[in-house]
Each structure stands twice: as C-alpha cells, then as structure tokens.
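Peer 1: These are the residues of each chain, in order.
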Amino acid sequence: MNMVRNHVLISIDANTIIAGARAVEDALIKEIARQGLSQEIVVLETGSVGIEDQGVVLVVYPEGIYYTNITPAEVPELVEEHLLKGRVVHRLMLKETPKRFVITKEKTGLMKEQPRIVLKNCGFINPESIDEAIAADGYQAAAKALSSMKPDEIIAEVKHAGLTGRGGAAFPTGLKWEFASKVDNPVKYIVCNADEGEPGTFKDRLILEGDPHKLIESMIIGGYATGATKGFVYIRGEYELSIERLEKAIADARSYGLLGTNIFDSGFDFDITVMKGAGAYVCGEETALIESIEGKRGHPRNKPPYPITAGLWGKPTIVNNVETLSNIPEIILKGAENFKKYGTEKCSGTKVYTILGHVATPGLIETEMGTTLRDIIFEYGGGIKDGKRFKCALVGGAAGAFLGPDMLDVKMDFVNLREYAAALGSGAILVMDEDTDIVDMLKSVLHFFKHESCGHCVPCRLGTARLVELIDRIAASKGTSKDVEGLTRISETMKDTSFCPLGQSLILPVSSSLKYFKDEILARVQ
Amino acid sequence: MMIKATINKIEVEVEEGTTILEAARIVGFKIPTLCYNPDLKPEGSCGICVVEVEGAPAMKRACMTRLERGWKVHTNTAKVRKARKEIVELILSNHEMDCLVCVKNQSCELQHVASLVGINTLTYPRIEKKWAVDTTSPSIIRDQNKCILCGRCIQICSNIQTVNALTLDQRGFNTQISDAFNEGMGNSVCVNCGQCTVYCPVGALYEKSHTDKVWEALNDPDKHVVVQEAPAVRAMLGEEFGMETGTLVSGKMHAALRRMKFDAVFDTNFTADLTILEEGTEVVGRIKANKNIPLITSCSPGWVKFLETFYPHLIHLASTAKSPQAMFGTLSKTYYAELKGIPPEKIVSVSIMPCTAKKFEAERPELRSSGYQDVDYVLTTREIARMMKEAGIDLREMPDEPADDPLGEYTGAATIFGATGGVMEAALRSAYFLITGRELENIDILAVRGMTGIKEMEINIDGLALKVAVAHGLGNARILLDKVSAQLANEGKSEYHIIEVMACPGGCVGGGGQPWGSDMARRARRNETLFAEDRSLPLRRSHQNPSITAIYEKFLGHPNSEKSHHLLHTHYFKRSPVDGKVVSE
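Read top to bottom, the protein sequences are chains A and B. First residue of the first sequence? That's 1 in our numbering, and the numbers climb one at a time after it. First residue of the second sequence? That's 1 in our numbering, and the numbers climb one at a time after it.
Hints in this document: simulated from the structure, not taken from any laboratory. It is possible that some hints are incorrect.
[To be verified] In silico DSSO-like links for lysine-lysine, alpha-carbon gap of 27 Å or less: (1) B:Lys493 / B:Lys291; (2) B:Lys213 / B:Lys261; (3) A:Lys303 / B:Lys467; (4) B:Lys261 / B:Lys129; (5) A:Lys85 / A:Lys30; (6) B:Lys130 / A:Lys303; (7) A:Lys334 / A:Lys150; (8) A:Lys443 / B:Lys129; (9) A:Lys482 / B:Lys85; (10) B:Lys4 / A:Lys303; (11) B:Lys574 / B:Lys563; (12) B:Lys483 / B:Lys467; (13) A:Lys340 / A:Lys150; (14) A:Lys296 / A:Lys315; (15) A:Lys303 / B:Lys85; (16) B:Lys104 / B:Lys30; (17) A:Lys443 / B:Lys104; (18) A:Lys303 / B:Lys79; (19) A:Lys303 / B:Lys41; (20) A:Lys315 / B:Lys41; (21) A:Lys515 / B:Lys79; (22) B:Lys104 / B:Lys4; (23) B:Lys82 / A:Lys515; (24) A:Lys518 / B:Lys72; (25) B:Lys4 / A:Lys443; (26) B:Lys82 / A:Lys482; (27) B:Lys79 / A:Lys482; (28) A:Lys478 / B:Lys130; (29) A:Lys518 / B:Lys79; (30) A:Lys303 / B:Lys82; (31) A:Lys478 / B:Lys129; (32) A:Lys159 / A:Lys144; (33) B:Lys129 / A:Lys482; (34) B:Lys9 / A:Lys303; (35) A:Lys334 / A:Lys144; (36) A:Lys296 / B:Lys41; (37) B:Lys82 / A:Lys443.
[As the list claims (entries may be wrong)] From the derived model, a few chain B residues whose C-beta atoms are all more than 12 Å from chain A: (38) Lys60; (39) Ser93; (40) Pro125.
The beta-carbon is built from N, C-alpha and C at its ideal position, and this holds for glycine as well.
Produce the entire structure from the sequences given, and follow the hints as far as they go.
Peer 2: Structure representation (structure tokens):
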C-alpha cells in the first residue's frame, strides 16, 4: 500500500481559473511525476479556499501551508523545496496567515475561531467527486432524515434550531417549511434561490463551487419534510462553474440513487432541475424568480398570496437561499441543540461573509452570528490595506447600509442590526479606507439600482432615474443642498411605495451615508 | 364570510376578499387610482392608491390588497398624501406634457389624477426620453413619450384578446411597450381591434385619425361626400355630448351629419340588412350542400385578421359576404353613382365606425370591387364627436331626422348588429324565412344576447336542428375556434352550423373606436339600447326592408347572384403569426 505523504489542494474556482489555475495544476502534476513523487504526493482539486484576489492558491497538507499567486514558473521550486525536501518556500507563502486560515480539519473540526457548518467541506473536498462528498459526511443527514425521521420531526428540529433565511430577509426557515407542509396539495415545489446578484456577494457561488452535494442533500431533506417532490435551483447564469459542478453533482447523485425514485428505500421520490437566470438582479426576489422559472419576464408578484400557498405554476412553493439550505444537514445530523451553540440568542448558527474592498486579505469566511464588524475586518480580513484608517463598510450589498466606526463593535446578526436601521442582507462586507470618496460610492450604488430596476412600478423605475440624476449632479460638484434633500425624499417615497424590496431597500444606503457623511456630501454642493 | 375593519375610523363590514379600494368606496372614500381598471387584473404598477394600515411596515396598494379582519386603514394621512403627490410628480417628470395639443386632453386619467392629488408646481425638470412615434399601423398610433407603463394595453391584448401583439421590452427606466422585433404595430400580429386605445389612460395609444382628410373632402366643391354610420355608434355618440349612457341618437346623428355638409347621409344599417340576405343565403346553401360548415361571420375586421393569422386552416369557413361597411363602400360608388349619375371618382365614401380595425379593412387591397377604394375614410366614434364639436354642433340640440334614400332605410335586425349576438339573431330571423318560406314568430332570440363570453343555442327549423354559437372578445373566440378545430380534425365535422364572432368584448358597442374608458359594465347597457331600437322599429326582419327588395330588383338580381358575388363578396388570406403579413391566399 502506498503512503500518501502530502496532499496538495488546488483551488479551482471562477477566479483562480482566470488566474491560470489549470496551467499550474498541469505543471504540478508533471513536475511531481518528473521528481518521481507521484506515488506519495497527490494533487486534488477543490473549491475556493476562501482567499480572493491572490491568484492561484494552493494548500499543502498536512502542514496547512497556503501558497498564493502561484504561476507555472514557481512550480519546480515548490515541488523541489517543499514536497521533496520538506522546506517551506517562505517567499511564496501567504504572508500573514489570518486567523481564519489556521484551521486544519483533522485537528479542530469546528474550531471556535471559525465554526464551519456551511463551508465545512469547501476547500477540502473535490467538489466534482461524489465519493469525496460522501466520505466527508455527505448524504448522511439525508439518510438519517429519510429513514428514521418523520417530516414533522425534521421541521420541529429546524424550527428549534432557529435557522433563519440567509438571503437577507431572515424569515424562520422551520416556520416556512411548516406552513408549506400544511398546505394540502399533491404538487409542491422547493426552489433554491442561487441567483446571487447583490454586488460584492459571492458566497453562494463559492458554496456551490466548493460543495454542490450539500445543497442537493439539503433539498432532498427539505422536499421530504414539506412534501415537495420536485426541486429547482435557480442559479445566476454567469456562474458557469457552479452550474457545471452542480449539474455534474446532480447527475452523480442520480446514478447513486440519491435522487430519483424511492430514495434510501423510503418511498420518497425527488429530483432537481437547474434553471439559469439571465442576469436580472430583481430575479433574486422570490416571486420574480418564480415568474422567471415559469418563462416570464422577471417581475415581482403581489403578496399575498405568498409562494408558500401559490408559487410556481400556482402550486405551493418553498423558496430558500443556498446558504440557508446548506445549514440543514448539520442540524439534522448533530441536532438543533448543537446548532444553537453557535450564534446569538436571537440568531443561532453562523453566517458566511464575503469580505472585500480595502482589506489586506479579501475572501470568504464563516463565523458565528454576533461576530462584530471589527473582528470580521481586523481579524479575519487582516485589517485595512496599506495601513490606512477605516472609514466605513457597506454591509449587505448595494441594498445594505454604510456602517461607520461607531458600529464596529455592534454584534452583527439579523435582529440586532435591524435595531440600528441596518441589515445583514446578503453578507457582503465592502470595506472602505479613509481615502474613499463617499459620493462616488453612493453614485455607483444608485447607478446599480437604476440599471437593475425591473421597471414595473413607478416609484422604483422613475425614482432610481431621478436619484441618479441628483447624485450625478452632486458628484460633478454642480448640485445644491436641495439635491441632497432630494436624495432622502425620493428614497423615502420609494421605501413606502415601491412594489418590491428592490425599491424599498434603497433608503438604507442613502440614509446611512447621509447619517455618517452628510458634511462630506454637502461639501460637494454649492 | 363577512369581516369587519375600519377605514379612516369608519367601521366597514365587507365580504372576505374585498380589496381596500372597494371597501373604501362602500364607506364613501374614493381612493385615487391610475393604473387600476375595474375590468382588468390590478397590477399595482403606479402606486398612487397606497394607504396606511396600522402596524404594517410599508404602505399597501388599495387596488390589490385585500382588507383583513380588524385592520385599521387610513387613506388620507399626511404621509399618504405626500407619497401620492411624489409618485405623480415622478410620472410627470417622464411624461410628454403637451396636454393642450394631446388627443386625450380633458379625458386623460393622468391629468385627472394630477389635479386630484393637488399638483400645482413641477418639482422636477423633465427627464428627456424621446421615442419615435409608431405610425406603422393603419389603425393605431403609439406614442411612447406619453406612456406611463401601466400595462393595461398588454393585459387587454394578451389576456382578454389573446393576440399578444404587445409586450414589455428592456428594463427599468428604459422599459418600453414593444411588439415583435420592435418593428412597429403595423408589422406585428396586431389585429387593429383598438381595445388598447380604449383602455390606455393617457394619450399613448389612439386611432390614426382621418378627420383632416374628411374635412378636406367636405370643403372640396368637386367632391360628393357620402357617409354611413355603423349601428353601434348611435348607442354611444350621445355620451360624448354629456348624454346618459345608452341614449339612442340615430336621428340626431343623421341631422348632425347633414349639418356638417355631407352630401348624402346614409346608414350602415342598410347594408347590415343586405349582409343578412347575402350571408343568410350563403349559409342556407352551405347547409343544403353540407359543405364548409360551420359558417363563421366576417363582419368584424379585427376578427377576420385574427382568423387569418391564428386559424389560417379555417378561413374557408368564413362567410365570403363583405362586411356592411365594405358593401356600403362598393354600392356608394356603383349603385348610388349610377342612380345619381355621379362619376364614382368624385364620390368620397366616409364611414363612421365604433372600430379602429375598420380603418385597416378599408385599406385592404382586395376591397376595390367598385374600381376604386370602396371606403375612402373611416372615422371612429371619438373622431366624429370631435369633428361635430369643431363644427359647433351640440348633438343634444339636434332634431331627429331619418337617413337618406336609397342606402338609408333599415330594420331592427340591422341595428342589433352592434350588439354581441345581434348578427346571429338577425341571421336566424331571415334564415328561418329563407328555409321555410314562413316568418319566425318569436323573433327575440334571448339565448344569444348578453355578456356571457360564449353563447350557444339550438333552433329547430322544420326538422333541421340548427346549432349556433356566439363569441365576443378574441379570447373567447380562440376558445370556441380551438373547439371547432379539434372537432373538425377528429370527427370531420363540427357540432355548429353558424358561428358569430365579434373581436371586441360586448360586440361593436365595445369597439376600439368608442369613447375612452368604455368599460364592460357600460357596454352591456349600450347593447340594451340597440335592442330597444330594434323593438321600436316597424320592421324587424332584414328581408322585409323595402330598400333591400328594391336594390335586388333594380341592381343586384337576387342574393348570391353573380353580380352580388362580384360586388358584395370577398376572399381571405393566410397570414404569418409572426408579423401578420399575407403569406398566401
């Protein structure tokens, strides 16, 4: 039997592929063979390891050494020094290893610093291998649920765990499932919302690229619990690699009998279809998403009726976000009590964040609910880049709020942030340093909304157009203080009268930027 | 189940499922609306009807929110009024405000709502968004610079008429109403029914006007201008002059037209009677020969284009008899021209129609059997009302005058052409006579009247069980035609012998050329007006019209004669379901 001495994980995700990951992988395999190490060194593909903007990333186990910005030119040196002679190449190592990377699965499991529930297997397993997924506890929760639990027991467990929707609205998932399970209809659907369109958010993509089987498993459990036998994953069309991996995972699951008829001999049938979005932000809103799956223009529907009673093709439909669903296996496998150990009293569990902007190490993390913004930026994100000072962070994507220094120590969870007129939203944390021009920032947010407004309702369609006109004038130093007042007035009307959350949420970036930076904005006008 | 709630502190008890808008009306509050229309599904696009509900995080749209038990609704708070005003200001910021020269001036719903919410200054400078005006259609003009994207036109076109000519294109601020490939309505499957123009709250959709050309002809001493008026016009024209819904104005209309200096004031009702003779004879012939059954009526030009476009395999079933408008056009330039000794090229034949599709029909190249374009200009009810006002004529003050001979006399059977089921009823009155030689005794055939979408009945004519069906509104026509298509394909024959289809809901009284805001409820009342005129007339069967007898004796010979076929019958084309263009005969 061969002893494998080192595993080299290469992160293959949309970003690293652009940076040349495939060429590096080829070079690695060839060089390892040339050095005669093929029997003892194994190169494995995995999803994102959580490091963004650092080129091709490799992790060498068991040491847990991260190499970044690797090109084929560095490969011979790496293989010779580290893999043959056992000497770490410090020159290529991730400079300061932030707290979040100091995890080795073997030693710590879910370690305190970064409890990994959703991202448990991301960056560890080969997402294209169903065997690796199964080896990493994949489908065990589904097996348990389908063979030893009744649907209402599953729902009770999820309710007890306190899991809430991670797409931004934070609606209790167990309650949603319970409503759906009580609707009497032979046809029900469960839809996974993977139309991740919030600027700066890419967590769902990395979850799907890193561990697509977890989502499939979660949907099987959700379908079984609610009585839905058909699942749809509505996924952003630009997420090519996610789509490819998810489709492969679904095909593999089918061939293993994990999707299809009589799953785990339980008599339960379930299958999943992948639907590609065509690039409209509004289709992340659940009713617009449903319209889009039906083949219609992505316009939101009036609620009620909610999708739970009349959704896709008028049938009861459960819509859950990727991250929300990915929590389910852990809850089923280890129980609600275990899940509740993480997070705050009102918001249990973890939250996956994407940290980007002026931080030293942008990327993907998962931390407990209630982690402060300070910890996220300064511990996990490695602090502000180039030693500059923190100005603010836009939390929750374009539809989120600017949070200034006074919010650094607020415990971040869905409930708590609401009290500060902010929102956790999608979990994007865009960090800005002291040199950032807040007017420019707001301008880009407002332009985004104008571009993405679906056009259905007057307040959003014309409100965004007016807002853009005002901010353009302010940014060009041609505005007046009346224009600044106009920003508030219009976004307040939009909050009160827009048809769907897209137009209603614009008040957050506008009012929060004015709260912190009114002087800076007024300084730009006459 | 009844539920209780309060609106502005006034208690209201309503059936569960009632919207806030309806409930508020019950207790005397009219919440302003703009995109809402009672005939259509509320879309909530404008947001003007927002109200506050105590405890709710956001305002609610009254038009589409159902009142719930115990709700405390406020329709008139400072916050609500501010929001409404702001929304109207936003709409105005993107609306071409050439109100004084707009076709919709004073009947514009946006104008009305702007005054209702108290807009007295314009907060925003106008956002420039210039679209080219779509003039490709022979019937309808589309000016998107005025469009407020309420979506009514799409709903009526897609959901009620099932034509699907209109759709939304682009997104957000760039959203526009579009047609296939953005080639213009004239290059689309649009059947010109004009329902979109009736439902458009602003001046974004309206008829292609022929008024200037008619004025020009009227003022040209060299031209002999004759006019015909469709049956449905007389049931509605009065409303344009402030008369009560459903006032019959046949006599006043003739008098007004005479005072506008039309050289001869005839009546489409005359050729409606003639149509019955031609079509009735045709259907009796088909039944006897057991060929091309069911016969489908062809008076409604929107319906004819719909049939040609979506059911090209059934065009052989359409009656070859021309529509009353087209028959009149031909006869005005042949029979009448000969009788009066006027060279047909000097005759200008004008029609007044409740219909926009009649403009399209008049331009059909095959409708030139007089040697000239049979009908020169088509005016909608709306256009003739404008012209009368321009001429200083108040319809209310007109005396009642008859139409001129020889193309003006009509029976009750002709006047009910304007109501759904009317053509069928008129046809049955005469078909009975044509088959049996006896008169039908009970001529009020109630089974085919009324606003039910598809009406069916069986009538026994000397042992022949004649089964007929009537559909109005193209969505209903589609349901009926799908059934007929399937029967023909599966069984080789259909259960029906005669089918009447009118493109517009309610029939011609609900036509696309009728006054703005012609809603379904009032269409039903206008139908009643026509049945009332029918009852009041001494002759109620088309074959009893003395002028009809005369024209056959003097000019045509007999129904379906060779001359009739040459002058009064037509043929149809197969059209593309993509652009509505003729593919083949």
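Peer 1: Each hint needs a verdict: does it hold in this structure or not?
Peer 2: Hints and how they fare:
no.	hint	verdict
1	B:Lys493 / B:Lys291	10 Å, holds
2	B:Lys213 / B:Lys261	14 Å, holds
3	A:Lys303 / B:Lys467	45 Å, violated
4	B:Lys261 / B:Lys129	43 Å, violated
5	A:Lys85 / A:Lys30	18 Å, holds
6	B:Lys130 / A:Lys303	34 Å, violated
7	A:Lys334 / A:Lys150	17 Å, holds
8	A:Lys443 / B:Lys129	21 Å, holds
9	A:Lys482 / B:Lys85	18 Å, holds
10	B:Lys4 / A:Lys303	21 Å, holds
11	B:Lys574 / B:Lys563	26 Å, holds
12	B:Lys483 / B:Lys467	14 Å, holds
13	A:Lys340 / A:Lys150	22 Å, holds
14	A:Lys296 / A:Lys315	16 Å, holds
15	A:Lys303 / B:Lys85	24 Å, holds
16	B:Lys104 / B:Lys30	23 Å, holds
17	A:Lys443 / B:Lys104	38 Å, violated
18	A:Lys303 / B:Lys79	22 Å, holds
19	A:Lys303 / B:Lys41	14 Å, holds
20	A:Lys315 / B:Lys41	20 Å, holds
21	A:Lys515 / B:Lys79	22 Å, holds
22	B:Lys104 / B:Lys4	40 Å, violated
23	B:Lys82 / A:Lys515	23 Å, holds
24	A:Lys518 / B:Lys72	37 Å, violated
25	B:Lys4 / A:Lys443	47 Å, violated
26	B:Lys82 / A:Lys482	17 Å, holds
27	B:Lys79 / A:Lys482	20 Å, holds
28	A:Lys478 / B:Lys130	25 Å, holds
29	A:Lys518 / B:Lys79	24 Å, holds
30	A:Lys303 / B:Lys82	24 Å, holds
31	A:Lys478 / B:Lys129	22 Å, holds
32	A:Lys159 / A:Lys144	18 Å, holds
33	B:Lys129 / A:Lys482	24 Å, holds
34	B:Lys9 / A:Lys303	25 Å, holds
35	A:Lys334 / A:Lys144	11 Å, holds
36	A:Lys296 / B:Lys41	17 Å, holds
37	B:Lys82 / A:Lys443	26 Å, holds
38	Lys60	10 Å, violated
39	Ser93	6 Å, violated
40	Pro125	9 Å, violated
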